[in-house]
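K.L.:
Sequence:
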Amino acid sequence: MKTAEEVHEHAEHARAPFDKRVAATMAAIAAALAVVAVFGHLMTTEELLNQQKASDQWSYYQAKNMRRYESEIARDIMAAVRGAKEGDYQKNAERYRKEADDIQDIAQKYEEESHLAGRQALRLHIGEIFLEIGIVFASLAILTKRESIWLLAIFASAAGLLLAATTLTIH
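Sequential numbering of the sequence shown, starting at 192, is according to my numbering.
Watch out, some of these pointers could steer you wrong.
List time: in silico DSS-like cross-link candidates among lysine-lysine, alpha-carbon distance up to 25 Å [what the hints assert, rightly or not]:
{"#": "1", "residue 1": "LYS255", "residue 2": "LYS282"}
{"#": "2", "residue 1": "LYS300", "residue 2": "LYS289"}
{"#": "3", "residue 1": "LYS289", "residue 2": "LYS244"}
{"#": "4", "residue 1": "LYS255", "residue 2": "LYS300"}
{"#": "5", "residue 1": "LYS255", "residue 2": "LYS289"}
{"#": "6", "residue 1": "LYS255", "residue 2": "LYS244"}
{"#": "7", "residue 1": "LYS300", "residue 2": "LYS244"}
{"#": "8", "residue 1": "LYS211", "residue 2": "LYS336"}
Since the hints were derived computationally from the structure, they do not count as laboratory data.
Computed from a prediction, not measured in an experiment: that's the story for all the values here.
Sequences are here, hints too, so could you generate the full structure?
P.N.:
Here it is as structure tokens:
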């Protein structure tokens, strides 16, 4: 007949495989979390860089517009006094207008890229949250020895990975 101590020892050995499965799941979740977190940080950096590029282009656009306005004013003054430089100022004004339009297009492109990277970063960060929740549930599963909590960990982690993967579909 088995003693209470032997029964307790067999029960502990029976639970050890569960602990190993949950621990392996935790390791996989942690690895996925690290990858998703890095990509989230990269997208946030990309968002900020593109926003800065857009800001730089808008400043350049403003400078070109100021030069165009100055050329138009000079043209108007020259036209009033009928100077020989009137044509030069007209050409400058037209050139600055075209350059400003090109700069505006570039600035808008950077803004669009910044917004896209921001949406991607947000999706990755939300996926990161679900992966972290998965680790918490896996820890609780080991402490409580409840398979249902382990399944919650797997579900939360799968949701986090799915959210992170859908980043590729954002355009």
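K.L.:
Compare the structure with each hint and give your call.
P.N.:
Evaluation of the provided hints:
1. LYS255 / LYS282: 14 Å, holds
2. LYS300 / LYS289: 17 Å, holds
3. LYS289 / LYS244: 20 Å, holds
4. LYS255 / LYS300: 18 Å, holds
5. LYS255 / LYS289: 9 Å, holds
6. LYS255 / LYS244: With a Cα-Cα distance of about 17 Å, the restraint between LYS255 and LYS244 holds, given a limit of 25 Å.
7. LYS300 / LYS244: 10 Å, holds
8. LYS211 / LYS336: 11 Å, holds
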